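Turn these sequences into a full structure, and let the hints guide you.
Each chain, written out:
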Amino acid sequence: MKSVIFRTVAPFLTSLMTLFSIFVLLRGHNEPGGGFIGGLIAVSALAIYGIAHGVETVRRAIYFHPMAIAGAGLLAATVAGLISLFAHVPFMTGLWIYPSLFGVEIPLSTVMLFDTGVYLVVVGAISSVALSLEERGGE
Amino acid sequence: MDVAALTFLALGLPFVAALVAPVLTRFLGHNAAWLLALAPAAIFVHFLGFVPEIADGEIVTGGYAWIPSFNVSFSWLIDGLSLTFALLISGIGALIVLYSGGYLKGHPHQGRFLSFILMFMGSMQGLVLSDSFLMLFVFWELTSITSFLLIGFDHGREAARRAALQALVVTGGGGLLLLAGLLILWNVSGITQFSLLLSFGAELKESPFYLAVLLLVLGGAFTKSAQFPFHFWLPNAMEAPTPVSAYLHSATMVKAGVYLLMRLNPVLGGTPEWQILLPLFGVATLVSGAALAVRQTDLKLMLAYTTMASLGLLVLLTGVGSPHAVEAAALYLVAHALFKGALFMVAGIIDHETGSRDLTKLGGLRSAMPLTFVIALAGALSMAGLPPFFGFLAKEEIYGALSGFDPRSMAFAALTVVGNALMFAVAFAVALRPFLGPKVETPRQAHEAPVLLWLGPAILALKGLSIALMSGLAHRLISSPMSSAIAGGPRTVTISLVPHIGMPLLLSAATVLVGVVFYLNLDRLRAGMAVVLADIGWGPDRGFDQFIRGLLRIAVAITRRVQSGKLDVYMTAVFVLVAAVLLATPVLYGELPRAPFFAADVPAHELAIMAIAVAGLVAVVLAADRLTAIVSLGIQGFAVAVIFLLYGAPDLSFTQFMIETLSVVVLALVMTRLRLSPSDHRPLHQKVPDSMIALACGLGFGLFLLRATGMPFDATLTDFYNLYSKSIAHGANVVNVIIVDFRGTDTLGEIAVVMTTGLAILSLVRLRAGSLKRGTDERQDAEERA
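Chain order of the listed sequences is P and E. All letters in the first sequence, in the order written, are residues 0 to 138 by numbering that gives the first Met the number 0. All letters in the second sequence, in the order written, are residues 0 to 785 by numbering that gives the first Met the number 0.
Note that these hints are calculated values from the structure, not bench results. Since the structure is predicted, the reported quantities are computational estimates derived from the model, not experimental observations. Please note that a few of the clues may not be correct.
As the list claims (entries may be wrong) - Below 20 angstroms or equal to it, Euclidean Cα-Cα: the simulated DMTMM-like pairs (lysine to aspartate or glutamate) are:
| # | chain 1 | residue 1 | chain 2 | residue 2 |
| --- | --- | --- | --- | --- |
| 1 | E | Lys725 | P | Glu30 |
| 2 | E | Lys360 | E | Asp522 |
| 3 | E | Lys725 | P | Glu104 |
| 4 | E | Lys438 | E | Asp350 |
| 5 | E | Lys360 | E | Glu272 |
| 6 | E | Lys438 | E | Asp297 |
This is the structure in structure tokens:
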């Protein structure tokens with residue numbers, strides 16, 4: 000894209016949106032948000048970056064192949080389900096621990112891992128489609 | 000470990016051995032066979048341990064629940080019949096593994112071959128030991144599949160591929176018939192296990208479904224055991240390497256059909272249908288197989304056709320079903336496995352050492368290969384039914400069963416004498432012709448086979464001799480229990496090498512006499528058969544090709560009709576169907592919604608949002624080019640998202656916003672990517688029906704939604720989630736908690752779908768990119784040439 004304003008703003012916008020997507024992902028359990036929405040926001044961020052600076056830049060920036068990200072997400076979600084089997088409870092039962100870090104109690108759970116998996120699958124699958132379409136679209 | 004666990008291990012061991020075979024072969028070369036043969040040998044020893052128990056008339060069953068809700072189990076039944084089969088399969092299996100080690104020495108895919116053979120062995124073993132119907136069927140089809148792999152092992156040749164496919168289609172198709180038969184049997188009797196079925200009694204024979212069960216089971220058995228007119232795949236299967244022919248297509252797999260008939264004889268046998276159909280097909284197979292064998296000059300093909308004849312004989316005997324006939328079938332089955340296995344391996348040795356297995360191009364090998372000659376002779380003597388070999392006992396018993404003075408018995412006896420005499424001639428043609436006479440130049444310098452090759456046939460030939468010499472012991476341990484299992488009641492086999500003057504001996508003498516005449520006139524017979532076959536012309540083998548070709552033509556015609564390959568045809572079909580379902584169903588069932596209730600005081604901002612949504616739709620319809628239409632569709636989507644937000648569904652609304660944004664981006668990308676023309680060029684006569692379909696779909700959905708929301712709202716689920724979201728799942732956002740916790744497994748499935756869809760789209764995009772690129776390349780090439 001030729002617009003200088005857009006090209007200048009795009010990196011900041013993308014970083015902000017990515018950060019926001021992670022925020023939405025993490026707060027999802029209690030407030031509106033979650034893996035699906037977070038993932039979609041992140042994909043939009045990447046799409047903006049791609050439109051501004053080209054697909055190659057985006058591919059370099061995310062380093063991994065998008066489908067590898069999606070695969071890792073699916074693996075994380077499956078593992079989150081399997082962990083409960085080792086605790087002798089049915090598959091996909093949510094397990095919670097509350098470790099303290101610097102005196103602050105942080106609730107961690109397999110559910111969170113699962114939601115992160117959802118996030119990664121959405122980011123990976125949709126961005127890989129969008130990027131591969133964009134790649135040729137610019138010609 | 001207890002016996003049940005060990006038996007379970009024995010059932011699985013061949014598959015484990017098949018897994019390690021390629022690796023072992025990579026490190027040890029052909030000597031891996033020595034190690035791999037330990038697996039079948041161990042199984043052989045394990046089953047040998049059952050022999051005393053079974054000989055005392057016991058029946059051993061065991062197993063594990065598999066799908067308890069359907070009363071399906073993984074269970075085995077060890078009686079005289081299945082034990083004999085298990086011993087043959089594992090015993091001959093061990094020898095075949097050794098033989099393959101020598102036969103395919105240095106072959107680049109020897110490991111794969113050994114793996115296939117062991118897999119087949121496990122399947123066959125599972126088949127004969129299965130107690131539950133479903134397990135039998137699974138193993139039955141597994142033998143078909145492994146046999147496909149083995150016949151097509153030399154997949155570079157078209158003949159091998161065709162033969163493999165043919166065997167798979169014929170035996171696999173028969174397997175489906177068998178499945179149907181077993182399911183009816185299950186429904187009629189309510190029983191899923193053979194061991195229980197055997198005590199079920201005569202009710203089945205009086206059931207109105209008896210004939211259906213019988214025909215379906217026969218369909219499975221006759222295709223597997225190569226009965227006329229389904230025999231054609233067996234000779235073609237000789238495309239496989241010789242160890243396969245020796246093991247699958249003589250000793251084991253082709254006997255599976257006979258095994259099934261024997262297994263079901265107490266339940267289905269003894270009826271007029273059984274006693275007419277089986278002997279009829281059996282004797283037709285016997286005579287045609289023996290006659291076709293004479294026609295051939297290829298050692299393996301000759302043996303293959305006599306195998307077909309022998310299978311016919313076994314079916315005939317099982318069908319006759321008298322005590323003598325059952326005993327004869329038991330004896331002949333074991334005898335045949337031993338001598339035919341040995342003879343096939345001899346044929347393989349000759350092929351391997353001289354480079355030819357054409358009878359007319361071999362001769363005078365006795366000085367170069369004395370040991371092979373002796374083995375071949377021993378096999379042929381047993382096959383010809385001459386004392387002091389096991390084949391003699393079997394043949395005496397066969398003639399004992401068939402000697403009667405009613406016309407039916409006399410006809411069967413006469414045809415059997417002809418068939419046996421032809422097999423007699425073929426046996427000696429295979430065993431004598433290559434070895435006697437003047438020495439003939441062969442493609443390879445003939446010399447004696449290595450130990451890996453001669454060990455197997457030698458043991459089998461010796462076994463054929465020793466069983467006959469110690470017939471008392473063999474009958475007590477093997478033949479009598481096996482006959483009892485086939486007959487469904489205690490039987491004692493007594494036949495021995497001491498000849499009894501009587502009808503059977505007379506028939507034997509006649510067989511030998513006619514056989515010698517046939518042998519001396521073999522070349523004339525062959526020429527005669529060739530003329531007869533040429534006159535007939537059409538055979539089931541060609542019929543198979545015509546059948547497959549016809550099937551393909553029909554499939555292509557239907558596909559052309561249904562799959563036009565045009566996207567708009569598919570879309571029209573889908574949407575017409577959607578509209579029909581949505582509109583026709585409520586009309587037919589009188590479920591049309593009542594007129595909706597419009598609240599009088601809708602707030603102004605809500606009206607404004609709805610107006611935006613409608614304006615978006617109007618913009619879509621009026622848009623001059625497609626890009627505008629796509630963006631306008633986004634307007635309507637955003638308006639709906641705002642409505643979600645107003646009615647307290649923030650998660651849904653967020654998602655809708657993001658989805659709308661991304662779909663506009665992706666659709667725009669697709670537009671530019673596919674280089675679609677920016678405007679809509681459909682003519683009016685196409686636009687009108689398309690818009691009608693669209694309106695019908697919209698109307699249908701509207702009515703459906705009105706009807707659904709008109710129902711009284713059931714708050715049970717909502718209350719449940721609101722109540723337990725925080726206390727059980729530690730989350731206040733009910734929507735998210737449902738997605739990731741309460742219905743987490745659903746979500747797992749959904750994201751797997753998302754990922755798979757992504758992969759599919761990606762490959763489609765790549766495919767398109769590839770073809771575009773190729774297209775430009777070709778154009779450039781053309782320009783350069785010009």
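| Which of the listed hints are not met by the structure? | 5
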